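K.L.:
Each chain, written out:
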Amino acid sequence: MPLKYVINPDVCLKLQKDKCGTCADVCPANAIDYTQTEETITLNAGSIVFSPGFKPFDPSRFDNYQYANYPNVVTSMEFERLLSASGPTHGHVMTMPKLPMKPKKKADKALAEKRKDPKKIAWFQCVGSRDMNKCDNAYCSSVCCMYAVKEAIIAKEHDPELEPYIFFMDMRTPGKEFEKYYQNAKEKHGINFVRARVHSVTEDRDTHDLNIRYADEMGQIVDDSFDMVVLSVGLEIPQETRDMAEKLGIDITDHGFCKTDSFEPVTSSRDGVYVSGVFNNPKDIPESVLDASAAASAAGDFLADVRGTMTKAEEKIEETNVIGDPPKIGVFVCDCGSNIAGVVDCPSLTEYAKELPYVEFATETLYACAQDTQDKMVETIKEKGLNRIVVAACTPKTHEPLFQESMVNAGLNKYLFEMTNIRNHNSWVHKNNPEIATEKAKDLVRMAVAKAALAQPLAEEKINVNDTVMVVGGGLAGLTAAKSLATQGYDTHIVEKKDVLGGEALKLYKTAQGEDVGEKMAALVADIEANEKITVHTNTTLEGVEGFVGNFKSKLVSGGNETELEHGVAVLATGAKCSEPTEYCFGDDDRIIKTLDLDKMLKEQDAKLDSVKTAVFIQCVGSREPNRPYCSRVCCTHSIDNAIELKKRNPETDVFILYRDIRTYGERELLYKEARELGVIFIRYEVDRKPEVKVEKDAVKITLIDHVLNQPVEIEADLLTLAAAIEPRKDERLANFFKVPLNDEGFFVEKHAKLGPAEFATDGVFVAGSGHYPKPVNEAATQGRAAASRALTLLAKKDSLFTSGTIATVDQEKCSQCGVCVSICPYNAPGFAADGRFAGTAEINPVLCKGCGLCVASCRSGALHLRGFDTNQIFSQIFALGEVV
Amino acid sequence: MSDNEIKIVSFLCNWCSYGAADLAGVSRMEYPADIRVIRIPCTGRMSPKFVLSAFREGADAVWVSG
Chain R
1 MPLKYVINPD VCLKLQKDKC GTCADVCPAN AIDYTQTEET ITLNAGSIVF
51 SPGFKPFDPS RFDNYQYANY PNVVTSMEFE RLLSASGPTH GHVMTMPKLP
101 MKPKKKADKA LAEKRKDPKK IAWFQCVGSR DMNKCDNAYC SSVCCMYAVK
151 EAIIAKEHDP ELEPYIFFMD MRTPGKEFEK YYQNAKEKHG INFVRARVHS
201 VTEDRDTHDL NIRYADEMGQ IVDDSFDMVV LSVGLEIPQE TRDMAEKLGI
251 DITDHGFCKT DSFEPVTSSR DGVYVSGVFN NPKDIPESVL DASAAASAAG
301 DFLADVRGTM TKAEEKIEET NVIGDPPKIG VFVCDCGSNI AGVVDCPSLT
351 EYAKELPYVE FATETLYACA QDTQDKMVET IKEKGLNRIV VAACTPKTHE
401 PLFQESMVNA GLNKYLFEMT NIRNHNSWVH KNNPEIATEK AKDLVRMAVA
451 KAALAQPLAE EKINVNDTVM VVGGGLAGLT AAKSLATQGY DTHIVEKKDV
501 LGGEALKLYK TAQGEDVGEK MAALVADIEA NEKITVHTNT TLEGVEGFVG
551 NFKSKLVSGG NETELEHGVA VLATGAKCSE PTEYCFGDDD RIIKTLDLDK
601 MLKEQDAKLD SVKTAVFIQC VGSREPNRPY CSRVCCTHSI DNAIELKKRN
651 PETDVFILYR DIRTYGEREL LYKEARELGV IFIRYEVDRK PEVKVEKDAV
701 KITLIDHVLN QPVEIEADLL TLAAAIEPRK DERLANFFKV PLNDEGFFVE
751 KHAKLGPAEF ATDGVFVAGS GHYPKPVNEA ATQGRAAASR ALTLLAKKDS
801 LFTSGTIATV DQEKCSQCGV CVSICPYNAP GFAADGRFAG TAEINPVLCK
851 GCGLCVASCR SGALHLRGFD TNQIFSQIFA LGEVV
Chain H
1 MSDNEIKIVS FLCNWCSYGA ADLAGVSRME YPADIRVIRI PCTGRMSPKF
51 VLSAFREGAD AVWVSG
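The listed protein sequences correspond, in order, to chains R and H.
Numbering follows our numbering, in which position 208 of the first sequence is assigned residue number 208; successive positions increment by one, without gaps.
Numbering follows our numbering, in which position 35 of the second sequence is assigned residue number 35; successive positions increment by one, without gaps.
Here chain R stands alone, though its shape is the one from the complex (with noise of 0.2 angstroms):
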């Protein structure tokens, strides 16, 4: 579906009655036709991947709220629109906003005269999550809270006045880097956070402004005034999705999600149909993308042995050598429809440039990259025979490849063009001065042409990679990616240090969803011993890499015997491990556990268990706290797992869990209720007053200030349970050796934290696991797919890898040796060439450069340069700029 815009047949009045047609007059391009009608198209696939996402709950229903009638009630989903730049009102929040901007109904104007920048906004968390009273979503959506701490962040940086209150049950911030958020937003932005939830919303007639009332903690009755209330509103799998699933024939849960095994997240109960996204359970944008990547692979493996059986080889075209050759310019220049043409005079900007030097042709287009104008582009450049393209158009950030794409249909380097960007810096911007527009036009274009005269056919260097995989961590994560690799083809090394495979998985007892760990590891295991194309290398450690994407030499050492792994790309998958507790009397006597003690136990069938009355799992042992500032995430689910075990083995026996916060996101929650209905009993401490642990004989005494009673309370367990946080390795060893970062905790850090979650910014090297950040089986083996998915796109493009064109070079007769571009390169992409004439001298890896020019600017020999963006060049466009015209 391209990004175009298309007629709503329900309301337009040309297909409902025949009348308007206004857009087919108006249109420049003539795209509107009438007659189109719905087509039904059949595509013969062999995977598909259903991603079809969710819909904000519509509080509309509520009527405590008063969504529908309040005009400063709105979604938080409104209010993030209110908070965009792009946004109704251009990222400045004011109340009414539901109403339009400019108001023509007599009422609405009068409503909006009493708009006012808001003073005090309320977020009210878990509206349509968690909550089996008011609808039927019994699930914790999983992103409010995060989402809603950023809106008030974001809000009260625009206007430091502003008291934002955000009204939550748990504060659900288990992500990554997302509790030292949340911390910041308590102590640095002075977001007020209180723990209620509010019972109405009751509205001033005259002002507006929305009167709550709430229990505080204490059980205190609460009024409060806000101009404003933000309703955190939940994901929600909408009826026409559930349909479809049912067409599919895939399984669903009863709040709509997908049903999907721990250890195969992405894939349906139906064989070649795989999910992403919040269909598949709520989740915020890393872990969407992980699942998009993830269902890639999987619908990969499953298509594996018909791979390339399809495809169609592109024709090349003979590129023309124009070196040497006097530059011929064609400038064209784009009308944009009216958003150009309408502000700058067009043909006059046209006519000017047939004036600049080298220009051999210019035209005036209506819209330069419409495929019509694309074609005859090439037609114009083969028949003038020119061999420098200028297009002044809009951003060659999103359009300078479309171009290049013609320039080589026309037989021209790509890099013989050049853009300049006379709408988005222009037209768009000084709307209002189209004389002043033009002149500004006229100065870019003759800028543009200047540097394009210098410009230089530049070659892209074949990238040799060798298509071998090696994945650092025997665990499920790097398992899962090896399995995947293997199954489509590649030949995969797993290197692990222990002397089997399964890593901390082997620990644990049960999944979330009730199956059973050791089973599952063991037909994994299994199934990547049998597979021809992994080999295993147990009770090895990886003494170092050289080397780069493509092209990396890994030293393995086993038993004292070294060998030699070549291979392309890396995936580091190292996990993490269970920290030791430090305090709650633990190490004193054996009735104090850490949570795997007790998963050990459950699988042993430990006789002992059947001896406990009374149990007590504490929460957060180092996880949350100054010194380990993030949240474990595992903990809250696990312990709660646990504790079910323990009510379903014996009913009569006691179990308590003693939390901060307890963060069972998405449908983990239903464990939550389902602990509760069970007789658990969840008591919350702050983390200033936190439990207090004496071993006494009988018992282990537990005592600690009861939320709800206000009163200190003691416990006699027979068993207590730390959830101890999960520490990484902080492998500092192995991030030197790819030239990866780890952050303050000694976590691996991504590429990217939102979009590129299973990579890292070195080229070649992926990451997955634990080691990345502390998760539960389902989402180490999402992103130990991911994370193959990464390195597929990488392998698959094997034959076809280029370097980019524009990157340094070296002029060896210049370079005096001083050595500044190899210190200063971030890439390590300059080095000293090792042999030949210019020993010594400085030479560039063109892999690893990335273009930005530093090595060049630093250079006091003169002897670097940067292709496509030469000191030439520059001075170029600068000398252009002073030319008195």
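Just so you know, the hints here were simulated from the structure itself, not pulled from any lab data.
Do not rely on the hints blindly, as some may be mistaken.
[As the list claims (entries may be wrong)] Using C-beta positions, here's what the derived DEER-type ranges look like:
id : chain 1 : residue 1 : chain 2 : residue 2 : range
1  : R       : N184      : H       : R56       : 43 to 51 angstroms
2  : H       : D60       : R       : S823      : 32 to 40 angstroms
3  : R       : H92       : H       : R56       : 39 to 47 angstroms
4  : H       : R56       : R       : I7        : 41 to 49 angstroms
5  : H       : C16       : R       : N184      : 17 to 25 angstroms
6  : R       : V822      : H       : R56       : 28 to 36 angstroms
What you are looking at is a predicted structure, and each value in this text was computed from that prediction instead of being measured.
Just so it is clear, CB atoms sit at the ideal spot from N, CA and C, and this is done for glycine as well.
Guided by the hints, dock chain H onto chain R, whose structure is given.
P.N.:
Positioned in the frame of chain R, the structure of chain H alone reads:
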């Protein structure tokens, strides 16, 4: 450069400020038309020679952003 208007030569990094200038356009913000943008791949590419040369060519100000 003509004498009666201010000219600001702007060197904008392709990855951030140039994109921001694009976004200013998308958001239909208005600003004085005194700037002329030269797109550079990174502010690391900037050399003092570019700044001096712009002034020599009559620029009233040079703006490097990245």
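K.L.:
Against this structure, judge whether each hint is valid.
P.N.:
Right, here's what the structure says about each hint:
1. N184(R) to R56(H): 43 to 51 angstroms: Because 47 angstroms falls inside the window, the suggested range holds.
2. D60(H) to S823(R): 32 to 40 angstroms: Cβ of D60(H) to Cβ of S823(R): about 36 angstroms, so the range 32 to 40 angstroms holds.
3. H92(R) to R56(H): 39 to 47 angstroms: Since H92(R) and R56(H) have Cβ atoms about 42 angstroms apart, the given range 39 to 47 angstroms holds.
4. R56(H) to I7(R): 41 to 49 angstroms: violated, 55 angstroms
5. C16(H) to N184(R): 17 to 25 angstroms: At roughly 24 angstroms between Cβ atoms, N184(R) and C16(H) fall inside 17 to 25 angstroms, so the hint holds.
6. V822(R) to R56(H): 28 to 36 angstroms: Once the Cβ atoms are compared, 32 angstroms apart, the range 28 to 36 angstroms for R56(H) and V822(R) holds.
Checked against the numbered hints given earlier, this structure breaks only hint 4.
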